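One line per chain: the protein sequences are A and B, in this order. Counting from 2, one number per residue, gives the positions in the first sequence under the working numbering. Counting from 20, one number per residue, gives the positions in the second sequence under the working numbering.
In case anyone wonders, no lab produced these hints; they're calculated from the structure. Just so you know, not all the hints are guaranteed correct.
[Stated by the list, open to error] Pairs of lysine-lysine, DSSO-like flavour, derived with a Cα cap of 30 Å:
1) B/145 with B/435
2) A/103 with B/312
3) B/304 with B/373
4) A/103 with B/304
5) B/505 with A/103
[Claimed, not checked] Distance ranges between label pairs, derived from CB positions:
6) B/136 with A/204: 47 to 55 Å
7) B/155 with A/65: 56 to 64 Å
8) B/486 with A/312: 52 to 60 Å
9) B/183 with A/83: 16 to 24 Å
10) B/486 with A/59: 49 to 57 Å
11) A/312 with B/523: 53 to 61 Å
12) A/83 with B/119: 15 to 23 Å
13) B/486 with A/324: 42 to 50 Å
14) B/520 with A/65: 55 to 63 Å
In this text the structure is predicted, and so the values were computed from the model without any measurement. Glycine included, every Cβ here is placed at the ideal spot set by N, Cα and C.
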Amino acid sequence: MTQTTTTPLSGPASSHATGATALIAPGLGYARGRQTLARRCADSLALYAILAPAFILLAIFSLVPFVIAISTSFFDYEVGGDATFIGLSNYLEYFHDYTFWKSFGNMFFLTGFHVVAVMIVPLAVAKLIFSLSSERASYLYRILFLFPIVVPNVALYLIWRGVMYNENGLVDRVVTTLGFSLPAQGWLSGPDTVLWAIAFIGFPFAGGINVLIYYAGLTSIPDSVHEAATIDGATGLRKFLLIDVPLVLSQMKLLVMLTIIGGIQAFEGIYILTNGQPGFESMVPGLWMYQNAFLFQRMGYACAIGVILFLLILALTVINLRYFRTSEQLQGDT
Amino acid sequence: MLGAWALLPPRGNEAKPTVRLGTDATTAEPIPPTVKHVIKFNPGPLYLPGIVRENSTKPTDGIARVGRAFEQLYPDTRIEFVGVAADAREWLVTQLVSGQAPDVIQINVEDVWQDVHKNWYVPIDKYLDAPNPFIPSGDPGSEKWWDVFKYPTPTRGTMAPDGKMYCVVLDMIETGIFYNKNIFDRLRLREPQTWEEFLALQQRIKHAGYTPMVVDRQCLADWAVDLLFEQLYGDMRELLDLDYDPRRGEYMHGYLDWHELIFLHEQGFFTPRDPRWQEVWRILKDWRPYLAKELNPHGSQLLLKNFVTQKAAMFWSHSMTVDRLLADPDRAFEFGIFYLPPITSSYSRFARGKQMCVIGGSAMQYSITSSAYRDTKNPDTSERLQRVVAFLQFLTTPQNCDIVVNEQIALLPNVKGVEPHPELQPFDDFLQRHYSMTKWLYTFDNQWNQVLMRMLELYLNDGIDRQRFLEIIEQDLERATDRIQKRKSIDTSQLQKVWNKRLPLLRERFAELPPAVVGTEE
Numbered sequence: 002m003t004q005t006t007t008t009p010l011s012g013p014a015s016s017h018a019t020g021a022t023a024l025i026a027p028g029l030g031y032a033r034g035r036q037t038l039a040r041r042c043a044d045s046l047a048l049y050a051i052l053a054p055a056f057i058l059l060a061i062f063s064l065v066p067f068v069i070a071i072s073t074s075f076f077d078y079e080v081g082g083d084a085t086f087i088g089l090s091n092y093l094e095y096f097h098d099y100t101f102w103k104s105f106g107n108m109f110f111l112t113g114f115h116v117v118a119v120m121i122v123p124l125a126v127a128k129l130i131f132s133l134s135s136e137r138a139s140y141l142y143r144i145l146f147l148f149p150i151v152v153p154n155v156a157l158y159l160i161w162r163g164v165m166y167n168e169n170g171l172v173d174r175v176v177t178t179l180g181f182s183l184p185a186q187g188w189l190s191g192p193d194t195v196l197w198a199i200a201f202i203g204f205p206f207a208g209g210i211n212v213l214i215y216y217a218g219l220t221s222i223p224d225s226v227h228e229a230a231t232i233d234g235a236t237g238l239r240k241f242l243l244i245d246v247p248l249v250l251s252q253m254k255l256l257v258m259l260t261i262i263g264g265i266q267a268f269e270g271i272y273i274l275t276n277g278q279p280g281f282e283s284m285v286p287g288l289w290m291y292q293n294a295f296l297f298q299r300m301g302y303a304c305a306i307g308v309i310l311f312l313l314i315l316a317l318t319v320i321n322l323r324y325f326r327t328s329e330q331l332q333g334d335t
Numbered sequence: 020m021l022g023a024w025a026l027l028p029p030r031g032n033e034a035k036p037t038v039r040l041g042t043d044a045t046t047a048e049p050i051p052p053t054v055k056h057v058i059k060f061n062p063g064p065l066y067l068p069g070i071v072r073e074n075s076t077k078p079t080d081g082i083a084r085v086g087r088a089f090e091q092l093y094p095d096t097r098i099e100f101v102g103v104a105a106d107a108r109e110w111l112v113t114q115l116v117s118g119q120a121p122d123v124i125q126i127n128v129e130d131v132w133q134d135v136h137k138n139w140y141v142p143i144d145k146y147l148d149a150p151n152p153f154i155p156s157g158d159p160g161s162e163k164w165w166d167v168f169k170y171p172t173p174t175r176g177t178m179a180p181d182g183k184m185y186c187v188v189l190d191m192i193e194t195g196i197f198y199n200k201n202i203f204d205r206l207r208l209r210e211p212q213t214w215e216e217f218l219a220l221q222q223r224i225k226h227a228g229y230t231p232m233v234v235d236r237q238c239l240a241d242w243a244v245d246l247l248f249e250q251l252y253g254d255m256r257e258l259l260d261l262d263y264d265p266r267r268g269e270y271m272h273g274y275l276d277w278h279e280l281i282f283l284h285e286q287g288f289f290t291p292r293d294p295r296w297q298e299v300w301r302i303l304k305d306w307r308p309y310l311a312k313e314l315n316p317h318g319s320q321l322l323l324k325n326f327v328t329q330k331a332a333m334f335w336s337h338s339m340t341v342d343r344l345l346a347d348p349d350r351a352f353e354f355g356i357f358y359l360p361p362i363t364s365s366y367s368r369f370a371r372g373k374q375m376c377v378i379g380g381s382a383m384q385y386s387i388t389s390s391a392y393r394d395t396k397n398p399d400t401s402e403r404l405q406r407v408v409a410f411l412q413f414l415t416t417p418q419n420c421d422i423v424v425n426e427q428i429a430l431l432p433n434v435k436g437v438e439p440h441p442e443l444q445p446f447d448d449f450l451q452r453h454y455s456m457t458k459w460l461y462t463f464d465n466q467w468n469q470v471l472m473r474m475l476e477l478y479l480n481d482g483i484d485r486q487r488f489l490e491i492i493e494q495d496l497e498r499a500t501d502r503i504q505k506r507k508s509i510d511t512s513q514l515q516k517v518w519n520k521r522l523p524l525l526r527e528r529f530a531e532l533p534p535a536v537v538g539t540e541e
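Bound-form chain B, shown alone (with noise of 0.2 Å):
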């Protein structure tokens, strides 16, 4: 009985109207009986109202003013801000499954494919085809909302392996490695055009006492892997790629995702008897003594702190890093930013000295939850879901998209008539290239990421040899296959009928393959 009163309310609060969140405290203000929709959008921790970002004083306000700007036009709705923690996989995994996630949140498109057959998310295909009605007429985006997109093809990248969108992509990220152009000049180097180059480079920048790369640990195990992946492989994209879906656009093409890898895998592919594979941790391994000692340095800001007291000639890192170091008052020198160079059939016999692909792309990834349309649980008929949408339609336009974006030095504004800051420009430039093949860790599932990771580094640092690293990463692959397997219920019989009808092509170009897919596997 005295729990139960405990519980209680305090007596009075019951008529009291909810504060919004995610705004200033100060400008909070009480929500009036007469809005009917209250959106909760997290609009990830770049935007959220009220953030100050590294280096900088003024708080983030960009996407609050974009809200009140459209709550005026709609005075039934209030946007609400929230964070998430940071942890986001399992807070969110909670709130989704109790039906209480905002109904917009920043996720990556590869942790939404995970979860669509669970109904959490709302496809968006039929918005995108339709007008942006917040567009003027004659404008792009104004008959097809798709077409206000800068970047189509990385945007139409964004596409779950079911063909469906789940995601709004407002802005572009791209990685780059930038460089401490006083040490380079001081030691007379320049940008490496070749990963020889790369590699020699960084023995010289060694050898005079810096640090010669920084760069985060799981950075590492996701760029890294699929950029020397995509140069050991890439010559057999074409044949590799069994289910290419053209809706998905020329950017995807080649683009291996977990039904195709795990076919291949069952094929012979990725396992300790395949050369290639052997290779991609061999490079890794050579280029272990150049990189920081420390691989897992709990966040990237002793990384960034690194390079800025020039102990680090270069850093690892991407786009929304550049604010960041033009605020650091520490930084006593110029940077430059360049692209790591391509592999060469001298270093390795199976790269073809062809330029590295990208890996970024897009970055702020908008889906819309099953929260979003809890009025009538129905997403065919509820207003609040139309409201959400008319948010991110809203959150599209130019002048908005803008607003947010440019806000800061950060981000590639994704919206056509929106150009990027200047000092943006390289990443631009980079994102002209073509994508990578695979993500290999975010394609299976979490315990994947983590396995690949933690034997990852374990192996760089010398804790495990590349036979034992690779017998694990194989076991854990098929363990990964039969989890998604389980999951997606994966049909492979239409990957097998194109399967059998390149395999002799395969034979036919390429040398060293793995022996079960030339046939002399016993």
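In isolation and in its complexed conformation, chain A is listed as follows (with noise of 0.2 Å):
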């Protein structure tokens, strides 16, 4: 049933796209192949020039870092003090330091726990409103769930900290006014539970920009899908199941890429809710990074963290990239 609603419609569409691409193509390449270099050079001049200061910017303020930190990691290079070359050391230190296995762990559980929450929370909430027949409600709960964005983060965690904060937090409160002692803790301290009470925070991951990113894509669903679908007897759960998530899967992908870059480069929200306490049990490698640069003055090792995240996230982005399919690759291959 799948293949005789979605075969005809992506058809065209893919169609269409290497139809387009054919029609530009070959004229490109004859206009060019006469052009000699000087003149191609000459006509793309103003376009370099246009680029030329956004470039500039970039390099000084991002890539010139990103070449100066990978130099640094192969350095014992304490802040004010001299620098020593050290090839490798600060990498194979990193490998047996105390945080390393701890730390990735954490970081791999709150940001698979994060990609599975931004996969299917803010993607229901966004065909509930899709689904509502009044254009003004939809307007309204649209406006409603992208509100929280305007709460600074930093203030967002505190609230949560006092949320979550043992005795004194409201959770607890809760719980011990319900007659509930014992479950009563700080859950924030506790080996056991500080994980799950950071991957807690933020629930329930419906609010921000991600809930409009998925409604952005189910609004670009062509009706004739749904009515195609709804003929061929896919109401409900199975029609959003087979019919809307397939088709959303570019914006799915876009998220996942970006919660997993962000689960990986961000310790912030941990530096002020738990500065990775208690112990080391919630420890991640960016906050471990930034200690490093910043509290024990050890750049050269804070780098060599910050490269090896820099290729973990790299390698993460290329098998997204690789391996999990948008909905065109979807539609191209049915």
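Using the hints, build the complex out of the two chains.
Rendered as structure tokens:
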């Protein structure tokens, strides 16, 4: 059933794209072939001139520090002190660091948790909003779900810390007031509870821009697809899973990628909530990198951690791009 | 182009003088062009002008008054008081490395010691040995600035291991256990005389439904570890202090600096095989049930609140808590202060029931940074540096110290002729005791500090057992040793000679030494 409904529709879409490329590409190739190199450079000069300031600023503020960070990672460099070349020692030391396995485990757990959350909750909310019959109500809900974005993250974390915090926290106060004193505990200070407590920060994970991204994806699905599915007998959850979800895979891929990158890089939330404690039970590599750089002054070591994180992000992004198919690719396949 | 234009300052602002900071905005005034030296001074959070302390309504202005008086003496100088970020270490490192740090900063001297080889700080020995020109002839300090300090031994104790002084100590702080007299009376308790009494007392308080003791995690890792360490190793301090420098004074006799700790660790001390080392952590763990559930409550305010609201019967804190308690409108009880009692041999076979040492001492420690001589880049020829030193000398006259320190009931003035508030008398008594053998939390570097604090909390909260805790601490001590060796290029050959002489004595006089020290470790 799915094939009969999606194939006819996806076919023209992909052939349209192919057709457009076919129309443009030969023309360009033909024109370029007849131009001299000097002429082509002269034509492009204005474009390069317009691009140059953005590229120069990007180079100064992003690329050059990146290269410096890579080179610093091969040095034993204490802030304010001398730098000594030590080859891969910083990397080797990090692989034997007592935080290494723990912090990467924590990072993968938290990132994985949020990847699952971002794949499910905002999509479900977007679908519910999309299904509202009243355009006014749909608009209102979109605003309401977007509204939390105006709250600064630091304030958000502090509020959550107040909610989670031990005897004085809202959670434990409510639990105790209801007469269940036994489960009340230091959620953020208990070795067994801290990671779950951090993972649930932001519950129910439906606020912010994610809902809107899915909503935009849902609105781009032609009505005819839904009508065809209905004619074929697909309704409710079945229609959602078999029609909507495959057609918002591009959005899902984007959000998953952003969540992975954010999960690997981010540490400010944990810094505010627990600072990686108790012990190193909630430590993540980003926070350890920050502490080494600015608290312990071990800039070379911190850069080595940063480079490892970069390589990890790069690898996961490549895997995501290569193996996580978009809706367009899915349509192309079918 | 557009970006560069946007970064240009607005027209007309170029000639405007800067506005002095750190003072009340309503009284801020432009600095006239005749002012040659603008000295940036970080007086620490307690004295920063404009700060309104907890339970107070009056902004602090003592040091601002002293600053204005100094400016009248030196019209070409302005004192600008600046605050520092909460995590001062990160902020300071960035400021120091970029040459933007205030000329004078309040910083724990142990942090200064870590960085002296980077020339970020100015040694002030030659000024301390010279007269303080602001003190009338014949008064203490008029011949040697050193003589003005009321607590000379703790003040000398801030001398760095390289034998130089990097800070001026304006006042003293000490720890003490604040207790609720009402609860004590109700439960018929008295101030404990021994550690066993102390634990029994807490047991009774706990049975009565109170939290016996609240203490911050960092204080526990800092104070408790040092105090217990001194109780168990105190008898051998004379033998373990392998490199005593008489210039640092009697106060530091028996004090173990990083190179001594490193050397002793290499000989087998402070490892899981060292029975005394094990005992330190055993005693702490046995104390844990009487401490508040939460050891890391994001600031001491919650701890204080628990004490004030009579949920907790005791609060281990320091003299800066006194005025907060006195002024707290929620406090409905009398409080007393006592010091941690000694551990007797009946509680631990390594203890001898000797009085606990002190661990506080110097409070506001003002160090001069390399920013102070940026006019000539040479501390020997810098007029600016002379002016910075002059302000510190001016600050430590009896009159000015009184204005600054006694504005609050928090710290004890470290200048002769200035009496502390009577409420702080117990701390004055505590300060007469001998000093700690070492500062485990601040001796090495911040990485060591972090690991010790974090793992101690995890151990005390049953996150790991004692054996695992000791193994991690040993690993980290070795890593810290490597880092310090790299940073300081420590030569232990001299220590080895002294050690060879003392080892037979140590073996003869003390039982249960680490196997490596006794020579039985394989």
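Consistency of the hints with the structure:
no. : hint                         : verdict
1   : B/145 with B/435             : 21 Å, holds
2   : A/103 with B/312             : 25 Å, holds
3   : B/304 with B/373             : 21 Å, holds
4   : A/103 with B/304             : 25 Å, holds
5   : B/505 with A/103             : 27 Å, holds
6   : B/136 with A/204: 47 to 55 Å : 49 Å, holds
7   : B/155 with A/65: 56 to 64 Å  : 59 Å, holds
8   : B/486 with A/312: 52 to 60 Å : 36 Å, violated
9   : B/183 with A/83: 16 to 24 Å  : 21 Å, holds
10  : B/486 with A/59: 49 to 57 Å  : 52 Å, holds
11  : A/312 with B/523: 53 to 61 Å : 56 Å, holds
12  : A/83 with B/119: 15 to 23 Å  : 21 Å, holds
13  : B/486 with A/324: 42 to 50 Å : 45 Å, holds
14  : B/520 with A/65: 55 to 63 Å  : 57 Å, holds
Hint compliance for this structure: hint 8 alone is broken.
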